[in-house]
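Novice: Take the two lone chains and join them into the complex the hints point to.
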Amino acid sequence: MTTLARLDSVTRRFGSTTALDAVSLEIRSGEILGLLGPNGAGKSTMLTLLQGRRRPTSGTVELFGGDPSLARFRSELGSTPQETALPDTLRVSEVIDLVAAHFPDRVPTAQLAEEFGFADLLRRQCGALSGGQKRRIAVALAFAGRPRLVLLDEPTTGLDVDARHGLWAAIRRHRADGATVVVTSHYLEEIEALAERVVVIDRGRVLADDTLDAVRARVESSIVSLRSPSAERIAELAGVVRAERLEEGGPEGGRVDRLDLTVGDSDEFVRTLVGSGLPFERLAVRGASLEEAFLALTLSDPATSERTPA
Amino acid sequence: MTTVASEPRTTGRVSMLHLYGMHVRALLLETLRVPIAIIGSMVFPAMSLLFFVVPNRAVADDPELATQAVISLSVFAVMVSALFNLGLTIAENREKPWDPYLRSLPLPPAVRISAQLTATSALSFASMIPVLLVGALATAATASMSGLLLGLVVLAVTSIPFLLLGAAIGYAFPSKAAIAVIQVGMFGFAFAGGLFFPPQFFPDWLEALSRAIPARHARELVISAVDGTAPDLWMLAGALAWTLAAAALVLWLYRRDEGRRYR
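Chains as they are written, first to last, in the working numbering: chain H, 6 to 315; chain P, 3 to 265.
Looking at chain P on its own, in the form it has when it is part of the complex (with noise of 0.2 Å):
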């Protein structure tokens, strides 16, 4: 008996990216193969865009104020499914035996988290399609076909602080809990950010205010990429700060975490 410490066997390597793309394989067969849950999160925002935009024809037949709706509801659309499917995952998967296992394996946070990060992407996009249908057939919303794809690239940008919050929340509280914050989460972001009302009709303490909730930030960097113009510093800034913050929690909560507690 010896106290020397074995070195780990270094013939052939395990490719992180392979890794990573099993498992955002596994994460979406686990989801597809059980459509009804993502079904929320597809018709609510086309819902609100039905229902709220398309009868106020104030609105509808206005070529920018439309535009603008159905950017600010896109955005509602995958930050709901970010929050929700993410949050709502991970705190429900910690509660299994499963995630638990898959730590026991020889596969670093950062590939774990970015694997479901992209897998809640996809499925958030989904999401987005009927709200773009909608838009398009119903309201005189309007994009070039180049802004239309900048704009993509940039909600898929500044949806990672949300996919990133959402994974935040599913590892620092239970199910039931991670619920109840997505849902008043969601909702002053979606009010605050100015995806439900315009904020050029905000009072101006709310305009202050609103400018560092990520969903403005969001909603103002894809309207500015769908309409080519430049963005403001503040939008930059702000997007940038929350993704950092929120990366950073995540990551220290993924350590500190050891599936459900129970006292």
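Just chain H, same shape as in the assembly (with noise of 0.2 Å):
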């Protein structure tokens, strides 16, 4: 397996804000890498990082062996531009010769039109087109080169099912044909329809960098939430992943701790807990946000993390 590009402890600052801390990670031939993580996280700066649009406050990005910043490592490479990026006057026949005339390999435009489905609107100016549309050329735009790495920026966003299915098709399409593909969404569907590898990415950090499956397991779990004296045992009950303990007084001076409990399987978990007789009320279930998913994947011994209200 070959490494077609790797990023090697990269900070990126905007001013007093940090976009990534600090992120390490190789991107592999051959692999659908999907990069989850909700919106200004990271995912967009990383790309901009690999298409060398931008430079690393510190640390060092490499594409294809050399400096993303430098036309001749972009050769392989395929991007997507945002949808509200082509410019209006332009055809759309006229935008794809465009893009394919950087590379040496290009996609003939009318079987490039054919298998994204916009064949009829090749004579038409972008800024007559719809949302969905666009995106799907603009998609279509990353492929126009038949590039060996692909990224691909919430390539749905705004798409009906049929169309997401489609490019969904489209892109596993390329995939088998040998090229690596990196995918973001803030959408968990769509990262489970493409990714063999999923990295979770939050506040410029990777929390997660694994197997879908193995994301996948952590990601669908559920928040127990309630108070009890006996919180320490509590925590330490089986199928408990993360808890968070928040002292709080009790009626009587006693002590009685309001509990957050990161659970795989809550019904499970419920039965564990009424088994074990220990004492508890205001129980509450819910199902756990991705944020709170992915913090649960950071740490590595459960039932260790402690938080008193200042």
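A portion of the hints provided could be inaccurate.
Stated by the list, open to error - Taking beta-carbon pairs under 7 Å as the criterion, some of the chain P residues facing chain H (in silico): (1) Y103; (2) K178; (3) A182; (4) V186.
Stated by the list, open to error - Derived list of chain P stretches under chain H, where covered just means 3 residues or more per stretch with a C-beta under 8 Å from a C-beta of chain H: (5) 17-24; (6) 89-100; (7) 197-211.
Hints are computed from structural coordinates only; laboratory data are not their basis.
Bear in mind the structure is a predicted one, so any value in this text is a computation, not a measurement.
Glycine included, each C-beta is placed from N, C-alpha and C at the ideal position.
Specialist: Set out below in structure tokens:
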């Protein structure tokens, strides 16, 4: 397996905000890598660094063994513009031809249009297209030069279900033809449909880098909240991935803590809890948000987190 | 997994000339499909000639002064178009997402910049046609055919520093600031360079200052090309120095640029 691109302890700051914080990552040939994280997590910054559009504040970014800010190292890289980017006055075929002209082994315009379903739009000016049509063309542009590495930033945002599934099928087909694909999304569903390896990032840091199954198992978790004087023992019960304890005074001065427990299977955990005979009150169960699920991933040793409110 | 960094594929090469041609074509199409954008730079210099030179018969009826006035306003037309069209277009494009996308393609900066310069010069020359028409029809300006052709070639070459300065302004400033900088620079160059008022009538200090202004170099070089006289060394040296300095500035600004920065 070959490493196509690499970030080595890369930090990127914009003024006082840190978009990426000492991130290291390797992109290997032949995989679909999903970059999952909430908006503003640093996914797009990571892609602009790989595209050579921005430089890291510190650390090194390598693309095909060189500095991506030099044009020659980008000759096998394909990426998507934002759908609002297409120049309004140019016709679709003119945009495809312009982008494809940068690559030695381009896909013929008609073939690309056929594959991504816009053969009937080639003569239209981009300004006359709908958002979904622009989105399909933007994704097609990433494949116009038969790249070995493709970066897709939120490729199906704003598409209807049919168009989304069509695009996923096209991405998988190119993967089968040997392309390596990095796809960012804040939709778990999209990552699940495409990726084999998943990197979870939030606030500029990599929280997890694992196979899809491993990440999915963690992400599909629930939060069980309750109050109990025996918080420590409850946190050690089977099934608890992560426990967050908030100290609260009891009604008569006794110690009663509120607990937020991240668990894989909430039904199973509640059975265990009842079976243990430990006292608890005000039990509530809810699905974990992505952020909470990702937070659970950062803890190798479960049930050790403790937080005291200020 | 290894650390082997793969060699770029060597099958097939992209012709930089073809790529340059594609970018020029796209840039011209984008402008020509909204032609109102270039009307201002086409009309303004011809109107200056029509209102300031033509009614002044002392200049308009004198072949030498009239020819110099037409040349001055042709230089002005090309300069305005270069600074305005290029500076503003680049500044605006940096705020849109298409230009950043082009930067992710294997596109060497020199190819993109020269395509922008070429597309703008084509439009600049279009903006000079009304000036030449008014000059030929309504003044005593004359030029031999060879003088006219040589003058056009020299004008094209001497417009390069204005194109580069326009590009530099575009890469250095957001579009609203670029407009202000262009306007100040444009009129400063035009007055100090003797494009509106002949330098023969300048006081000594202004004449000395004027010799450092690129508009003056362009004016004098085009006049000597049209007249068939030998240019002075200071004109050639000045034009060359501005061209090299502006080219270095643009390349540095382009490499430094990361699109619009918000803090």
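Novice: Evaluate each hint against the coordinates.
Specialist: Results for each hint:
no. : hint    : in the structure
1   : Y103    : holds, 4 Å
2   : K178    : violated, 21 Å
3   : A182    : violated, 24 Å
4   : V186    : violated, 29 Å
5   : 17-24   : holds (count 3)
6   : 89-100  : holds (count 3)
7   : 197-211 : violated (count 0)
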